[in-house]
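Given next are the chains, with one letter for each unit.
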Amino acid sequence: MTEAARSRTTAKAKANEMGNPFQPLAKKDFDYGAAQHLLNRAGFGGTPAQVRALVELGLDDAVDYLVEFKGERVSNEGFEFKGDILRAQTPEERETLRRARATNDAETIARIERERQERQNADRAQVAAMKRWWLARMIETGRPLQEKLTLFWHGHFATGYRTIENSWHMLMQNGMLRSNCAGSFADLARGIISDPAMLKYLDNDENRKSSPNENLARELLELFTLGEGNGYGEGDIKEGARALTGRTFRENAYFFDRAQHDAGAKRILRRSGNFSGEDFVSIILEQPECSRFIASKLYRFFVNDAPGLSRDGAETIERLAKALRDARYELRPALRALFRSQHFHARENRLAIIKSPTQLMVQTIRSLGTPARSVDRLVEAGDLMGQGLFQPPNVRGWPGGRAWINTATMFTRQNTAVFLITGRSTRGPATGAADPYDAMHLVEHLRDAASGTLDARECVRSVATFALGGDPGRERLAELDAYLESIGGPRATITNDRLQALLCLISAMPEYQLC
Amino acid sequence: MHDSAYTRRLFLQRGCALASIAATVPCFIERSALGMLGDPLLASQPGVPEERILVVIQLGGGNDGLNTVIPFGDDEYYRARPQIGIRAPGAAPQNAQPAALALDGARGIGLHPNLAALKELYDEGIVQVIQGVGYPNPNRSHFTSMDIWQTGRLDAKGSGWIGRYFDNTCNGTPRPEASVAIGRNAPLALEGDVQKPIAFENPSLFRWNGQDLHASLKDPYDRINRAGGGAAGAGAGAGDTQKAFLMRTALDAQVSSDRIRAAVAKQTLVPYPGHGLAGQLKTIGAMIRDGMPTRVYYASMGGFDTHGGQLGTHGNLMRQFGESLAAFQRDLKAQGNDGRVTTMVFSEFGRRVKQNASGGTDHGTAAPMFLVGPQVKPGVFGNHPSLTDLDQGDLKYGIDFRSVYASVLEDWLKAPSEKVLRARFANPSLFKV
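In order, the protein sequences belong to chains A and B. Note that the numbering used here has the first sequence beginning at 7, numbered continuously upward. Note that the numbering used here has the second sequence beginning at 385, numbered continuously upward.
Pulled out of the complex, with its shape left as it was, chain A reads as follows (with noise of 0.2 Å):
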């Protein structure tokens, strides 16, 4: 190659790059918002001074350290679950139900269904407190993308306690979503088809031989892996439903019904063999559209949820597709481009994303440094908003953007964000309601060294901006300015009564639902 056409490819090459929106960004560019962008939608954000230990890191260790879970492990004191409360029948029991039966001993089948009822009642109250427990986890976790992606995953396989029932599966299947969160998508696909509560919540254990139910098939295709009629037909989920077969579950175990197998021959997604589940998610994750599927949905979730998407966003998608492929659905790679990339820290995604449910409640613990006050109102709070943990309203999931918000649930986030700032609940006492909230950590950077003074305007200007994760705009300021000045004279000093007064305000603020 002559030097001119050596440099001629290189200057093509350059500019094809140039328009690229997953190219990393520049590191100077790293600042305190975007520190804070990151931290807030690679996690539930944090404190200003855990953004600016994140600005210091630079780029590439802040996403890293996100990407790598480098922070503390969270603990699980003081839960404790139970894996047997629904347990099976022992012999004995049969038996002895089989006689009261025969015998028409009423009052001993009707202790047994009280003792049965008594079992269900101890489950329920045990998915009430797995819900404590996750939320807390949230909270108090070093590794927030580690929660923040096992929330994904529970929204992207969606399964409902309801339906199942059973407690102790929707925690393995928890346990599984978390282990792999960040892992390879191929082993999430392959764990959830071995998963009890999937397998139950979708009735694969009805998918027997001789009858087949295409339940699990039909959604596996169209809401975990290819997306609706991305690329496959009735007959796929036909013979797809047929491959999956005899997956069923024992107990607590997943467990391989080989009698209710079809091992005949199959033909799915233009393949032909005598496939088995595990060989359907491996054809379908042959299949380009599962990588751009997920890529879109980690996109939306992610990224950007507001309707519609720009050129640069399908762009984005795309790349991140290919990063995902390129990596054998290794995640964390394409996790990490996506966070280093230019469209992701760009103008058109910042804010661009409504808070869901738990986000607003973990993000406003997490950066204003208010106490959780009482997690059992908070798990109250989200099931009113509208994420119940463990119970997505059907398979399809959290829909997530605007059916967030609706005007119910606006004021359930206004009053929650006031309670976990003030304390004050008009759904009467709650513990941790009197926990004091030291709002002035948010301020004291700005203190004058020379004179340990604080200029109040500066405060409320620094606080709303970094409260509402950019600029709050003159109109906005200058109400904070003037309700300062109602409360506190023109040469109003900024106390911690009064800061909590004004993050009221602010979280009041519709932009407070974005980030």
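Among these hints, one or two may not hold up.
With a cut-off of at most 30 Å between alpha-carbon atoms, the simulated DSSO-like pairs for lysine-lysine come out as follows [as the list claims (entries may be wrong)]:
#1 Lys816/B - Lys717/B
#2 Lys541/B - Lys88/A
#3 Lys738/B - Lys303/A
Selected chain B positions facing chain A (Cβ under 10 Å, derived; list incomplete) [what the hints assert, rightly or not]:
#4 Leu597
#5 Pro657
#6 His659
Just so you have them, the derived chain B footprint on chain A, three or more residues with Cβ under 8 Å [to be verified]:
#7 426-433
#8 465-477
Don't read these hints as lab results, they were simulated from the structure. Glycine included, each C-beta is placed from N, C-alpha and C at the ideal position.
With the hints as your guide, set chain B onto chain A.
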């Protein structure tokens, strides 16, 4: 709250919003903006029917249908329920319990004695008793069966049937206030893919708490949340950005909150008893009286899971239910709104025919429903299910609940039932209109 300057300003703002972002503004806005002004021209024109309202009352826990609508003419009933059977009118009292209230036009069928208030409505000709309502392969789990009733689907999956009704009207654009549930959680029935209900336990909770901290917070809060689509400065709230959407919803929330709280602050025209259900219906009555644009209201009452010693418990529940419903009906009549409102009562399942060893009843299947209002065909509809031809000790249903929904949708709400229920169900034609 509703001084004209304030509403005028809002209206003007909404007018702006409508002009600048017409494509994304839900269609309710035109109407509710006008509604806020109380435009007499639109409110009631001769020959134009007022908008119809459906009120759903959910009896949670599985109401004992056999002790609600009592087949006192059938000896089998007393054989199955020696201790908890309600005696026939005129029969010798075995315990202190009063007798069933025989229903005119239905031989051997009567209401629970504590439903005297409901019986009066029946005698007025505004109650329809639908017997033996259920569905194939009945599910005896509270959760699942309730989800089946609320989704209108036997697989209990997907959106709620009333939510789908709204999704299929008004071009699928959500309308705040279209459906209101009284209770902490919105029922699945009202959850559409697009349409979401308003739910509140108590109207005083449907507002921002922060203003209770200090009075000084109220005005800035109002300014922040009432900017809506038009007045937030250089296009901040305009367009189809996430922020604009949030600003519009925040304004809607303030308007709804004002309306609802103003509505319930008024003295009711008739007294209501102190029961929980009565309180809910009182709130609903106040909202109807105030002319809210709500089409479906949802109230609920729990405690019907009477596994043991049910005679007293169930009797109390019956009294509360009957008195609450009767007060509500009197209120609607006093308002002159009774013709616009139909109330539908259901439970997720009935109970087993035989009483159990604890003087209660276990989860069963088919049970009666009620439709109440001057526009329903009065009387007893359908046959009482046989007490001898049973399915594993349970009643066989005669009418699929989705057929009842079909009639409510087609005849009352004037909506295509097939689209909403995703299947064709025979319409039993339960309404006069």
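Right, here's what the structure says about each hint:
{"no.": "1", "hint": "Lys816/B - Lys717/B", "in the structure": "holds, 18 Å"}
{"no.": "2", "hint": "Lys541/B - Lys88/A", "in the structure": "holds, 29 Å"}
{"no.": "3", "hint": "Lys738/B - Lys303/A", "in the structure": "violated, 53 Å"}
{"no.": "4", "hint": "Leu597", "in the structure": "holds, 6 Å"}
{"no.": "5", "hint": "Pro657", "in the structure": "violated, 24 Å"}
{"no.": "6", "hint": "His659", "in the structure": "violated, 21 Å"}
{"no.": "7", "hint": "426-433", "in the structure": "holds (count 5)"}
{"no.": "8", "hint": "465-477", "in the structure": "violated (count 0)"}
Hint check: violations occur at hints 3, 5, 6, 8; the rest are consistent with the structure.
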